[in-house]
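Colleague: Could you slot chain B onto chain A? The hints should help.
Protein chains in written order, with the working numbering: chain A, 14 to 306; chain B, 4 to 413.
Derived by calculation from the structure, the hints in this document are not laboratory data.
In this text, all values refer to a predicted model and were calculated from it rather than measured experimentally.
There is no bait here: all hints are sound.
Short derived list, chain A residues pointing at chain B, Cβ under 7 Å:
| # | residue |
| --- | --- |
| 1 | Asn122 |
| 2 | Gly126 |
| 3 | Met250 |
Listed below are the simulated BS3-like cross-link pairs for lysine-lysine, each with C-alpha atoms no more than 27 Å apart in a straight line:
| # | chain 1 | residue 1 | chain 2 | residue 2 |
| --- | --- | --- | --- | --- |
| 4 | A | Lys263 | B | Lys371 |
| 5 | B | Lys371 | A | Lys131 |
| 6 | A | Lys131 | B | Lys65 |
| 7 | A | Lys293 | A | Lys220 |
We treat Cβ as the ideally placed atom computed from N, Cα and C, and that holds for glycine.
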Amino acid sequence: MFHIVRHRKYWYLISLLIIVPGLVSLLFRGLNLGIDFTGGSMVEVRFQEEVSVEEVRTVLAGHGLEQSVIQPSGDRQVLIRTGVISETQNQAMVESLGREIGALTVLRNEAVGPVIGKELVQRAIWALAATVIAIVAYISWRFDFKQGLAAIVALLHDTLIALGIFSLFRLQVDSAFVAAILTILGYSINATIVIFDRIRENTKTAKKTEPLEDVVNRSLWDTMARSINTSTTVMFMLLALFFLGGATLKTFILALMIGVVSGAWSSVCIAGPLWLDLRKRLPWPKRPAGARA
Amino acid sequence: MRLGNLIKVAVILAVAATISLASFYPVGGAPWLPLTQDINLGLDLRGGVHVVLEAVDTEEAKATPDAVQRSIGMLEERINQFGVTEPVIQQQGTNRIIVEIAGVDDPDAVVRDLIRPAYLEFRTEDGTTVLTGADLSDAREALNPNTGQPEVNLTWNPEGARTFAEVTAAHVGRPLGIYLDGNLLQDPVIQSPIPDGKAVITGYASLQEANRIAVLLRSGALPVKLDIMEKRTVGPQLGADSLERSVTAGAIGFGAILLFMVAYYRLPGLVSAFSLAVYAVLILLVLAAFNATLTLAGLFGFLLSLALAIDANIIIFERIKEELRTGRSLRSAVDAGFQRAFAAVLDANVAGLIAAVILYVFAPVMIKGFALTLGIGILASMFTAQAFTRWMLHLLVGSGIVNSPRLYLK
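Here chain A stands alone, though its shape is the one from the complex (with noise of 0.2 Å):
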């Protein structure tokens, strides 16, 4: 069988090799944020009749929002997305674009003030922060503190696996894209730590002559049809949701798509070697992994 630890160095490179560009992009680029943290207003119409961007903008012209986003988002529909705007400037924007466009639909207006984008921002970083903690705390108390270590750097992996992709390819992030996050978290989590379990188990088990390297190995391998089927399950879900889900929570399935992938990957091939890593070069805590299962 496939000695997956022994050629941990390359998993680990596979992953900063994803990683990197993510987190460069990152810093100089950042994330396209939608509305929901910026403030600004979205509005979806659907018309009687075609209706071409150029007309939608020249509309918007005449209250001075020729700078919006306007983007075609299906059939007869358009997106608009500006700035912060007042509820009267908008209620005046869609009336124009009935009266000088052509009869419309709305299909959903939103309006988010500038205040509320900023709570937002710091919620999202303190539901991650909490999500963290309690989790390292769980692991640490179920299992070992360096399992608990390895399980959050999988964890932060995931994380910067979907900012990174997110900020790569300008995709918007809204607040369903901090649920999305969270969900990795939990899945991710999920999947690693049946496989610390499994090595909890086969430790206490194993021939005194076997070496850490290969319990570990035969745990992930005692659990890789759980992990690839699991993952496959919910893939089958995310993809139809994906293709037949409708538009609006489109960027949260891909942000969970992204991150059932990396979750899957960073269990087995992060998660689990990291520990025995961090069971080599770390000198503490002494006492022996599963002594507290």
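Modeller: Just chain B, lined up with the frame of chain A:
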């Protein structure tokens, strides 16, 4: 014994299948789907509006806690006038108000109407407006010290008091209609002329009712300026479209998972398919029982939790396969499989639950539903995996006719 087990299995499967079919497909309008009828659809599925308003100081009116209270009363009255069922109006922090209204045809128009200033009028029998909210300085509910009956005490400002004295003197024995935004609120009869600018309205069933009227009168008299902090409207068309597409996508995803489970795990896979159906019914029951509102995010959470719920079954089945490979008998392999998988399932799910709880606490309103269904899903999946799947496999193994290991192992 064997036949007994088999009959049990058949009955349970039939019941599970019937209940699942009768409640799983969450589309309104089908009378034979009792469970889905009881689940409220959120505004992003029916169309509706979510607005966060903030009371701001102006020269005329300061955003005091009392002013915020009065604004809430004003909003409630207005929303009721729109004929909306079960609107959500709640205070957030000191001076924010969240309003959620589902099932309206033109959500943008509702927002427009909501923040219009209130207009309170007092009209005589012939329809002439004699006084307005601008003349009123206060309105308070109280229990009459003599009779113990609830009443509302009005205080007019000096100019209003003068007019009121004239009106009451001229119309004794006739009603004085109180109108809010043109709608009759109450029609009390003038008992005697009132010269001192103080009026009492009686005839309320409870102090609560008197309070509601007093709040409305005060709102009419002094609306505080409300700014829109956040507004999300979803047209009914988009809502219906989202619901239909998500349900179709969910059904296809669900079907794919079931096919995969049966193809890969054979008989146990088939059992897990039924478990999953039971799980889905359980979730819908919980949602219906708690009168929860299913949002688009909540629906996604539910569908995603279906995929995650199967994980416990996968962990257990992998264990059973391992036990079978070591040469154990079927019955003891099933028992050992469940036992040895328990720690992994528990730890994994507790970690997932921690993430769901934190998500629920910190998430903005529209994501809370997602966190809730995800959390309920984790608890329910532990139950169906440990109780239902286990029970069914026990019965099947005990029945003795499906004992070929090839049904369990590849």
